[in-house]
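Chemist: Chain by chain, the residues run as shown.
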Amino acid sequence: MDDHSRPAVLRDALGIGVAVGAFGLSYGAIATASGFSVLQTCALSVLMFTGASQFALVGVVGAGGSAIAGAVTALLLGSRNALYGLRLSSMLRVRGARRAVAAQFVIDESTAMALARGRRGFWATGVAVFACWNVGTALGAFGGAAIADPRTFGLDAAAPAAFLALLHPRLEGRRTRVLALGAAAAALVAVPVAPAGVPVLVAAAVAIAVRD
Amino acid sequence: MWTAILLAAGGCYLLKLAGLSVPRRVIESPRVERAAARLPVALLAALIATSTFAAGHVLVLDARAGGLAAAGAALALRAPFLVIVAAATVTTAALRLV
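Protein chains in written order, with the numbering used here: chain A, 1 to 212; chain B, 1 to 98.
If you're looking for bench data, these hints aren't it; they were derived computationally from the structure.
From the three backbone atoms N, C-alpha and C, an ideal C-beta is built for every residue, glycine too.
It is possible that part of the hints are untrue.
Claimed, not checked - Pair by pair, the computed Cβ-Cβ distance ranges are: (1) B:59 / A:7: 49 to 59 Å; (2) B:98 / A:101: 45 to 55 Å; (3) B:59 / A:101: 42 to 52 Å; (4) B:98 / A:4: 49 to 59 Å; (5) B:1 / A:93: 32 to 42 Å; (6) A:149 / B:22: 45 to 55 Å; (7) B:76 / A:178: 14 to 24 Å; (8) B:98 / A:143: 22 to 32 Å; (9) A:119 / B:59: 47 to 57 Å; (10) B:80 / A:66: 31 to 41 Å; (11) B:76 / A:208: 23 to 33 Å; (12) A:96 / B:59: 45 to 55 Å.
Said to hold, decoys possible - If the Cβ cut is set under 8 Å, some of the chain A residues that face chain B in the computed set are: (13) 53; (14) 57; (15) 83; (16) 84; (17) 160; (18) 162; (19) 163; (20) 164; (21) 167; (22) 176; (23) 187; (24) 208.
Make a model of the complete structure from these sequences and hints.
Modeler: Structure below.
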């Protein structure tokens, strides 16, 4: 597990990249099925480059929510990257332009690899995931855009499945599972009364307000 | 839509940059850490619930719920990401044909 040698780190980084590329494929297809253009879908993968936030933005807008509600949800999900950066800064020790580049690579996968394999793990994983995620996005976007009615292929069920796959590894401990159920229930209660996209933010408020 | 895309993307980038730039002790506290760990769990759970059971402002039980159940089964079998998503879409499409 803690093999820091160059070939081992590069091999693992590439493996993670390929897995994330497959994930990018479904993001691209879901985004275009949700009404985003191919250009918008690809721009998000280059500029935002944090998968859960991108899925959230296209998911909220695809369900009829406002662009603002989608953007706020994406930002709330992106806030965890700030905490990753806090953990990484003493290890990476980057300044100026290198820091500006490193910042874009601060995501779930690169942080996990940095904590396990050090600085080389961070850079190798960041670059591999960035390349594969964007290639996957483009392929998925063109594929998704070619489908006339996404509902025929059940593509509207792809987003919840993707969210479930993202949530599952975080569900450790009984308290976390109770929180997940509570958040889901709070959002559903808000559906009939709140504008589309807002129920998800209600759940976020519950998560912040809850006491340990 | 482009405005929202650029604002959200810019904001997400600044969050990443802030983490690398701000001295650790400024925002690090056990309370902030725990709230930040709860946030993705709550948001993802809420997104699953609304994208499965909401149709506009009405709660419905339709083919998407079957798709989510199939995704859960694939997840329990430790299937890779694409298989999980494919299980959901194929199941939902098949249920609509019935």
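Chemist: Does each hint hold? Answer for all of them.
Modeler: Hint by hint, here is what the structure shows:
At roughly 53 Å, the beta carbons of residue 59 (chain B) and residue 7 (chain A) sit within the given window of 49 to 59 Å. Roughly 51 Å separates the CB atoms of residue 98 (chain B) and residue 101 (chain A), a value that falls within the hinted 45 to 55 Å. Separated by about 45 Å at the C-beta atoms, residue 59 (chain B) and residue 101 (chain A) satisfy the suggested range of 42 to 52 Å. For residue 98 (chain B) and residue 4 (chain A), the hinted distance range of 49 to 59 Å is satisfied, since their beta carbons lie about 54 Å from each other.
Between residue 1 (chain B) and residue 93 (chain A) the Cβ separation comes to about 39 Å, which falls inside the hinted range of 32 to 42 Å. Range check, residue 149 (chain A) to residue 22 (chain B): about 47 Å between beta-carbon atoms, so the 45 to 55 Å window is met. One distance hint, 14 to 24 Å for the beta-carbon pair residue 76 (chain B) and residue 178 (chain A), holds here, with the actual separation near 20 Å. Taking the beta carbon of each, residue 98 (chain B) and residue 143 (chain A) are about 26 Å apart, inside 22 to 32 Å as hinted.
With their beta carbons about 48 Å apart, residue 119 (chain A) and residue 59 (chain B) fall inside the hinted range of 47 to 57 Å. Between residue 80 (chain B) and residue 66 (chain A) the beta carbon distance is about 34 Å. The supplied range of 31 to 41 Å therefore holds. Restraint check, residue 76 (chain B) to residue 208 (chain A): a C-beta distance of roughly 30 Å satisfies the suggested window 23 to 33 Å. With their beta carbons about 51 Å apart, residue 96 (chain A) and residue 59 (chain B) fall inside the hinted range of 45 to 55 Å.
Nearest Cβ of chain B to the Cβ of residue 53 (chain A): about 6 Å, under the 8 Å cut. The hint holds. Annotation: interface hint on residue 57 (chain A) holds; nearest CB of chain B at approximately 6 Å, less than 8 Å. Hint status for residue 83 (chain A) relative to chain B: holds, with the closest Cβ pair at about 5 Å, below 8 Å. Residue-level restraint check for residue 84 (chain A) holds (minimum Cβ-Cβ distance to chain B is 6 Å; threshold 8 Å).
For residue 160 (chain A), the interface hint holds, since its Cβ comes within 8 Å of a Cβ in chain B; the closest pair sits about 4 Å apart. At a threshold of 8 Å, the smallest CB-CB gap from residue 162 (chain A) to chain B is about 6 Å, leaving the interface hint in force. With its C-beta approaching chain B no nearer than about 5 Å, residue 163 (chain A) sits inside the 8 Å limit, and its interface hint holds. Here the hint on residue 164 (chain A) is kept, as its CB sits about 5 Å from the closest CB of chain B, short of 8 Å.
Given the 8 Å rule on beta carbons, the hint for residue 167 (chain A) holds: about 4 Å separates it from the nearest Cβ of chain B. A cut of 8 Å between beta carbons decides the hint on residue 176 (chain A): the least distance to chain B is about 6 Å, and the hint holds. A least Cβ separation of about 4 Å between residue 187 (chain A) and chain B falls short of the 8 Å threshold, and the interface hint therefore holds. Against a cut-off of 8 Å between C-beta atoms, the interface hint on residue 208 (chain A) holds, since the closest Cβ of chain B lies about 5 Å away.
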